[in-house]
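K.L.:
Turn these sequences into a full structure, and let the hints steer you where they fit.
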Amino acid sequence: MPLRFDKASALLIPAEDYLVRFRQRGRALPLPHLNLTFYALKDCLCLCSSSQALLPLHGEGDLPFILTESCHYPAGDAHLAALAGDALAGLEPDGIAEVEEAAPFYLPGSANFWHWTMESLPKLLAMESIGYTGSYIVPTHNPVVRESLAMFSLAPERMLPAQGAYRVRRLMLPPRLSGFNLPLYLPLVELTRERLLAVAGTLPGGKCCFVRRIGRRRPVNETEVLALLKEFDFEVMTPEDMPQARQWRYMTNVECSVMPHGANGALTLLQKPESGFVEFFSNRYVSYNHLHAVRLLRLKYWPMTQDLDASCATPGMGLTEFLSGGLSTDMEVDLLHLRIALESLLAEKRH
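Each residue of the sequence shown is one higher than the one before, starting from 318 at the first, in this note's numbering.
Hints are supplied without guarantee of correctness; some may be wrong.
Keeping only pairs whose Cα atoms sit at most 30 angstroms apart, straight-line, the calculated BS3-like set for lysine-lysine is [to be verified]: (1) K617 to K589; (2) K324 to K359; (3) K547 to K617; (4) K524 to K589; (5) K524 to K547.
Don't read these hints as lab results, they were simulated from the structure.
P.N.:
Right under this line is the structure:
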């Protein structure tokens with residue numbers, strides 16, 4: 318089938334608007350108990366080469382539209398047409414696999430524990446909750462995703478690798494929803510927590526823990542931080558030393574967690590309700606990624622940001638460039654600030 322696509326004239330369109338214009342091309346599937354709407358679309362091309370690009374087919378090979386649900390972040394919209402064009406240009410004629418029914422979950426960032434767990438997994442679990450039995454297009458080559466799916470005992474034959482391209486006769490499209498929007502979708506967050514608890518199990522008693530981070534964005538004075546935490550009887554946990562199921566189970570009896578900002582913050586979703594959570598940020602990068610857990614569980618959240626120091630900025634550097642550079646910056650933790658936070662959060666526990 319020859320494919321006809323012009324990236325200069327391709328129209329980016331939300332699935333909802335697409336179905337208003339072409340009612341015969343599918344239907345909306347409201348999930349009122351989760352405040353979500355999924356979409357069942359007829360005959361779509363799913364490109365997996367460099368990013369998620371979803372193009373409804375019109376006639377024999379015509380591809381005039383790209384669905385905006387192709388990625389989570391608005392910044393990616395301007396690049397979707399170019400990505401789709403490049404992917405199609407490199408696609409072999411026999412490189413399109415045909416699938417009767419599938420849901421796409423191979424978004425940018427899926428290799429990251431937080432992005433997979435907080436952006437793709439909740440919607441996949443929502444589909445399972447309504448009895449969906451079709452396939453999922455997922456990055457099965459990624460160990461984070463593979464291990465996560467294994468926890469839920471999903472049949473391997475339902476998992477299609479996010480490679481090449483698929484022509485899907487009935488595409489089950491989840492809504493465009495990033496992890497930063499989750500505080501507005503607490504029923505979905507609660508469903509995710511319940512399903513994780515069901516597969517991971519729970520631990521009795523209670524403990525406080527420091528969730529250690531490896532690689533970038535670590536406390537430069539971690540030795541002193543650990544010494545202070547020891548005064549408050551904190552354990553030290555390194556997620557990379559445990560399988561995912563054990564990571565989740567470990568968090569179920571946590572009464573206070575302390576950690577540098579990063580993907581490990583996803584684990585706070587399984588903490589005890591009304592427990593404490595201290596998060597370290599550098600002086601150049603702050604992103605409140607875990608407010609869904611804070612809101613659902615009423616966590617006592619204490620973000621700690623290093624004092625801003627602009628001396629590392631180079632001449633001519635813009636503010637956005639300066640701040641975004643902090644994504645990889647380690648932080649120095651103010652020990653007095655941390656002590657006061659712990660005394661406040663653990664006052665009842667210590668008396």
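K.L.:
Work down the list of hints and note, for each, if the structure agrees.
P.N.:
Hint check:
no., hint, result
1, K617 to K589, "holds, 11 angstroms"
2, K324 to K359, "holds, 22 angstroms"
3, K547 to K617, "holds, 20 angstroms"
4, K524 to K589, "holds, 10 angstroms"
5, K524 to K547, "holds, 12 angstroms"
Of the numbered hints given earlier, the model fails none.
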